[in-house]
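Enquirer: Sequence:
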Amino acid sequence: MSSPVLELQDVRVYFNIRRGVVKAADGIDLQLFPGERFGLVGESGSGKTTTALAILRMIKPPGKIEGGRIILDGDTDLLTLSDEEMRQIRLRRIAMIPQGAMNSLNPVMRIKDQMILAMRTHGIHVTNAQLMQRIEELLDSVGLQPNVAHLYPHELSGGMKQRVCIAIAISMHPQVILADEPTSALDVVVQRRIMQTLRTLQERLGAAVILVGHDMGLMAQFVDRLGVMYGGKLVEVGTVEEIFTDPKHPYTQLLISSIPSLDRKRNFQTIPGMPLSLHEPPPGCLFHPRCPQAMPQCSTVVPRTIEVTPGRDVLCLLYDEERTPQMKEKVDGAAS
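Take 5 as the starting number for the sequence shown in the numbering used here and just add one per residue.
Rather than coming from a laboratory, the hints here were simulated on the basis of the structure.
Heads up, simulated DSBU-like pairs for lysine-lysine below, C-alpha to C-alpha not over 30 Å straight-line:
id, residue 1, residue 2
1, Lys64, Lys116
2, Lys68, Lys27
3, Lys64, Lys27
None of these values were measured; they are calculated from a predicted model.
Based on the sequences and whatever the hints tell you, model everything.
Expert: The following block contains the structure:
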């Protein structure tokens with residue numbers, strides 16, 4: 005297997021607020037390989053977007069990256085770079101497609117001026133005529149007509165705005181693209197077209213993609229591997245097929261079972277209990293108050309990540325034979 009183009013090691017992002025410390029991303033370990041599509045999924049407040057913003061070092065106060073390493077290309081720790089060095093990384097090597105395109109474009113600038121500004125700021129030094137040619141090529145690559153360059157954002161539909169954001173993101177041929185719910189607030193037909201466009205461009209560029217979202221159906225269609233987040237922690241990582249056909253973590257199992265199906269009649273499944281409050285997290289495993297498989301030690305022992313099979317990681321005491329050896333028979337029995 006090739007070396008990861010991006011690797012997160014024990015990344016921690018904490019928010020110091022009046023009520024205490026909120027651990028929005030806590031000990032995130034993640035590898036992204038060249039050309040791979042990796043999904044980060046979880047409910048609102050699980051830490052998905054915080055993790056993506058940490059990669060670009062765009063966490064705003066009162067949030068702070070408290071520790072860890074973010075390694076690009078095996079040798080560059082992004083957390084050790086100066087602000088100027090990091091600014092040169094953004095867009096040129098790691099680009100982001102933001103959530104809510106209607107709010108990410110400047111409403112008083114024409115599309116071409118915003119694209120020119122992005123490229124000029126990050127080191128493109130060519131004539132204006134060459135820049136306009138490049139802009140027309142970028143717009144064409146995302147399925148937009150050249151005249152869109154001369155329009156203002158309010159003259160575009162939601163889908164067109166999102167395509168403009170994708171065009172800006174790929175303008176410097178980045179190695180990594182972070183897509184934070186790129187189809188939010190769009191109808192289903194437009195969502196599908198946007199994701200098809202993103203897949204085509206990603207394959208053409210050979211870039212790796214981290215797709216952030218909560219739509220499991222969208223993830224199943226687009227990504228190769230999936231990371232499930234809960235309470236600021238990565239609770240399970242595996243291929244899409246593994247996650248959907250054989251989920252290991254109890255939260256993942258409930259998440260999969262809650263997906264509506266047209267193939268069979270069954271009662272709609274929900275995740276029991278109240279959503280987690282990171283202001284007052286429970287002791288031990290963060291999911292134990294809602295977990296149907298919780299054991300007594302789950303309320304006191306903090307779980308660690310266990311590699312159950314190569315490339316398959318689970319943050320759960322059910323699979324930690326050293327701490328809970330009595331569970332091996334139960335897990336093996338359930339599997340058989």
